[in-house]
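Colleague: So the chains spell out like this:
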Amino acid sequence: MSGARIAEILAAQPPPVSPWRRWRHQYGLAALGGTIVLGWIIVALAAQALAPWAPNAVEVTARLRPPSTLHMMGTDELGRDVLSRLIFGARISLITGIVVVTIGAFIGTVLGGIAAYAGGLIEEAIMRLTDLVLCFPPIILALAIGAALGIGTTNTITAMLVVWWPKFARLSRSLVLQQRSLEYVEAALVAGYGPGRILWRHIMPNSVGPLIVLVTLDVGNAIIIFAGLSFLGLGVVPPTAEWGSMISEGRELVAQWWVASFPGFAILSIVLGFNFLGDGVRDWLDPRSRRQ
Amino acid sequence: MLRFLVARVGAMLVMTLLATLVVFLIANTVPGDPVLAQLGDQAASDPVFVAEWRHQYGLDRPLWQRYVIFLDGLRQGDLGRSIRSRRPVLDDVEEYGPATLELATVSFALTLIVGIPLGILAAVKRDSWVDHLARVISLLGVSSPTFWLAFILLAVFYGYLQIAPGPGRLGTIALPPPTVTGSYLIDSALAGDWDTFQDAAAHMVLPSIVLAAATIGLVTRTTRASMLECIRQDYVRMARAKGSRESRVILRHVLPNALVPVVTLSGLAYAQLLTGAVLTETVFSWPGLGRYTFLSASALDFPAIMAITLLVAVTYLVINLLTDISYAILDPRVRR
Numbered sequence: 001m002s003g004a005r006i007a008e009i010l011a012a013q014p015p016p017v018s019p020w021r022r023w024r025h026q027y028g029l030a031a032l033g034g035t036i037v038l039g040w041i042i043v044a045l046a047a048q049a050l051a052p053w054a055p056n057a058v059e060v061t062a063r064l065r066p067p068s069t070l071h072m073m074g075t076d077e078l079g080r081d082v083l084s085r086l087i088f089g090a091r092i093s094l095i096t097g098i099v100v101v102t103i104g105a106f107i108g109t110v111l112g113g114i115a116a117y118a119g120g121l122i123e124e125a126i127m128r129l130t131d132l133v134l135c136f137p138p139i140i141l142a143l144a145i146g147a148a149l150g151i152g153t154t155n156t157i158t159a160m161l162v163v164w165w166p167k168f169a170r171l172s173r174s175l176v177l178q179q180r181s182l183e184y185v186e187a188a189l190v191a192g193y194g195p196g197r198i199l200w201r202h203i204m205p206n207s208v209g210p211l212i213v214l215v216t217l218d219v220g221n222a223i224i225i226f227a228g229l230s231f232l233g234l235g236v237v238p239p240t241a242e243w244g245s246m247i248s249e250g251r252e253l254v255a256q257w258w259v260a261s262f263p264g265f266a267i268l269s270i271v272l273g274f275n276f277l278g279d280g281v282r283d284w285l286d287p288r289s290r291r292q
Numbered sequence: 293m294l295r296f297l298v299a300r301v302g303a304m305l306v307m308t309l310l311a312t313l314v315v316f317l318i319a320n321t322v323p324g325d326p327v328l329a330q331l332g333d334q335a336a337s338d339p340v341f342v343a344e345w346r347h348q349y350g351l352d353r354p355l356w357q358r359y360v361i362f363l364d365g366l367r368q369g370d371l372g373r374s375i376r377s378r379r380p381v382l383d384d385v386e387e388y389g390p391a392t393l394e395l396a397t398v399s400f401a402l403t404l405i406v407g408i409p410l411g412i413l414a415a416v417k418r419d420s421w422v423d424h425l426a427r428v429i430s431l432l433g434v435s436s437p438t439f440w441l442a443f444i445l446l447a448v449f450y451g452y453l454q455i456a457p458g459p460g461r462l463g464t465i466a467l468p469p470p471t472v473t474g475s476y477l478i479d480s481a482l483a484g485d486w487d488t489f490q491d492a493a494a495h496m497v498l499p500s501i502v503l504a505a506a507t508i509g510l511v512t513r514t515t516r517a518s519m520l521e522c523i524r525q526d527y528v529r530m531a532r533a534k535g536s537r538e539s540r541v542i543l544r545h546v547l548p549n550a551l552v553p554v555v556t557l558s559g560l561a562y563a564q565l566l567t568g569a570v571l572t573e574t575v576f577s578w579p580g581l582g583r584y585t586f587l588s589a590s591a592l593d594f595p596a597i598m599a600i601t602l603l604v605a606v607t608y609l610v611i612n613l614l615t616d617i618s619y620a621i622l623d624p625r626v627r628r
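Residue numbers (this note's numbering), protein chains in the order written: chain A, 1 to 292; chain B, 293 to 628.
Fair warning: there could be bad hints in the mix.
Part of the chain A face toward chain B, derived, beta carbon under 10 Å [stated by the list, open to error]:
id : residue
1  : 136
2  : 137
3  : 204
4  : 206
5  : 210
6  : 212
7  : 221
8  : 231
9  : 244
10 : 247
11 : 251
12 : 257
13 : 274
14 : 275
When the alpha-carbon atoms are kept at most 25 Å apart in a straight line, the in silico DMTMM-like pairs for lysine to aspartate or glutamate are as follows [claimed, not checked]:
id : chain 1 : residue 1 : chain 2 : residue 2
15 : B       : 417       : B       : 526
16 : B       : 417       : A       : 283
17 : A       : 167       : B       : 616
18 : A       : 167       : A       : 283
19 : A       : 167       : A       : 124
20 : A       : 167       : A       : 131
21 : B       : 417       : B       : 521
22 : B       : 417       : B       : 338
23 : A       : 167       : A       : 123
24 : B       : 417       : A       : 123
25 : B       : 534       : B       : 521
26 : B       : 534       : A       : 8
27 : A       : 167       : A       : 279
28 : B       : 417       : A       : 8
It is worth saying that the hints were derived from the structure and are not from the lab. No experiment lies behind these values; they were computed from the predicted model shown. The C-beta atom is built at its ideal place from N, Cα and C for all residues, glycine as well.
Bound conformation, chain A alone (with noise of 0.2 Å):
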């Protein structure tokens, strides 16, 4: 090696940082992520205080208004404010992205776990069906089931819940597969424990963290498909004000195009932050996923 390779080497090795500088670097993402994700959530809860208008109210002499103090995200075609309707939204969107990924999660790790620590012909069994519901692309089975139990956001979930558990289900098996020929499950049968106790209070705990990291990404992918599903006129009731049927009713109005932009931005920025929080938590939890 030459040595002026070597000194570009030398130089290449980054300069010192300041401890800001590093913080910023480890947790930057993350604090951004929880900061929009926070802002959404205190949004949803205070949206009856923080709307200037009703959601609902329609107001036929102010139809598609750009724009304005008074309208500060224009209306829609019924004269509704649309950033009224932008905050109640983020109720349904948060709700629907939680619930979806927290029961599905539920459902994806028991089965999961339960396959892992059975084996044999119930762990088989198990597994062809997480490989089953997997074959179909989530929106489109989504739209089957939709389609056959109604428009509506419980259908609709639920819909979604039937797609949404095996990629648990592949996690958790894996992780408890992982954990249970280490030495303190060993210690926990020999002291007499049963399965259940086993499973649920030592495995479990210790394989908690790539689940939370799992669920926390997921949430945001979880949103993104109940409003193309509401798109699509499936996930909500008209006319409950929800993001994604937002972005239908305005996607013709090119001119006005206040009424679908917004709500698209408000979906984009809550999936990213969940995103960065997720990121963020991984790296956190993993080390050495930081930086890949």
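Following the hints, put chain B in place on chain A, whose structure we already have.
Modeller: Chain B alone, transformed into the frame defined by chain A:
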């Protein structure tokens, strides 16, 4: 290798059979009643008419009989008859399939042409502005709702700047080229009709960008991560130590190894593009299977929904199988 192949194909066939059961159960055990959705109030209130209609579509038989009939039809290539279009679903698939195939294939090409070089650059110029740009592009691609992205692009490039054509596959006055393959690009080129070719290509730009947005992000991220993994290996240091030029080290030593996971992902990405077109096609009024699925679901046209869902699952399984096989060819360790 042969044993590997037999095992994979066998597993795929079992999965396909199970998929038919899932699809059948969804369509036949859930509460939605196609009678009301299809016949309208007046016809639905006439019991004789309803009974006749139910009989015509076999809805009055027990569940297991309907499943056997469904399977027997599938065996003969009969996907059922659409309630909405009143003709065999297979005919509908033949009509709308090529539009989806064309769009997905163009989006797939776009995904690879943008995603792989961007991923390589991001890895080689790590922490530079290219890397940050790649990260922003993939994050935005994965995080923006497709239907909204479609609206924004249409509003900007069609509505305001007027440099892109509107929704649909061709302009309103244009006639489609004589059908050979069903792909307007190929058919118009075959007919030597370059005006139509240009028209079709222009109509392709926005939908393919929208459809490819998410997959570009995935491919970029995977290529980057895999390149970084490979750059650290000893054989790369060896190549550098021997004095190979950096471009040669990257392109000849790192890249071929780094692309193995990308190949796997590409298979899945293509499946995702083929099946993920529901929202994109709906916004762009693209007369493909995605829009057809949406229209069928809105009309509770269960035979059509069943057939499409099944078709999609089988497409997915086949692409998965092909990916596994290509993976086994690229990496002999997988064959066990």
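Colleague: Are the Cα atoms of residue 167 of chain A and residue 279 of chain A separated by 25 Å or less?
Modeller: Within the cut-off at roughly 18 Å; holds.
Colleague: Identify whether the interface hint at residue 221 of chain A stands, where standing means a beta carbon of chain B within less than 10 Å of its own.
Modeller: Residue 221 of chain A check passes; min Cβ-Cβ to chain B is 9 Å, inside 10 Å.
Colleague: Run the distance test for residue 417 of chain B versus residue 8 of chain A: straight-line Cα separation, threshold 25 Å.
Modeller: It holds: about 15 Å lies between the C-alpha atoms, which stays within 25 Å.
Colleague: Does the structure keep residue 534 of chain B and residue 521 of chain B at a Cα separation of 25 Å or less?
Modeller: Within the cut-off at roughly 21 Å; holds.
Colleague: Hey, does the residue 251 of chain A contact hint survive, CB to chain B under 10 Å?
Modeller: With a closest approach of 5 Å, the residue 251 of chain A hint holds.
Colleague: Mind checking the alpha carbons of residue 167 of chain A and residue 124 of chain A for me, to see if they're no more than 25 Å apart?
Modeller: Since the Cα atoms of residue 167 of chain A and residue 124 of chain A sit roughly 16 Å apart, the hinted pair holds (cutoff 25 Å).
Colleague: Have a go at the residue 275 of chain A hint: is there a Cβ in chain B nearer than 10 Å to its own Cβ?
Modeller: holds, 6 Å
Colleague: Holds or violated: residue 417 of chain B and residue 338 of chain B, Cα atoms, limit 25 Å.
Modeller: Cα-Cα ~71 Å, so violated.
Colleague: Can you verify the interface hint for residue 257 of chain A: is its Cβ closer than 10 Å to any Cβ in chain B?
Modeller: holds, 5 Å
Colleague: Is the interface hint satisfied for residue 231 of chain A? The criterion is a beta-carbon contact with chain B at less than 10 Å.
Modeller: For residue 231 of chain A, the interface hint holds, since the closest Cβ of chain B sits about 5 Å away, which is under 10 Å.
Colleague: Does the structure keep residue 417 of chain B and residue 123 of chain A at a Cα separation of 25 Å or less?
Modeller: violated, 45 Å
Colleague: Hint check: is the beta carbon of residue 244 of chain A less than 10 Å from a beta carbon of chain B?
Modeller: This interface hint holds because 7 Å falls under the 10 Å limit.
Violated hints, in rising order: 3, 4, 5, 6, 22 and 24; the structure is consistent with all others.
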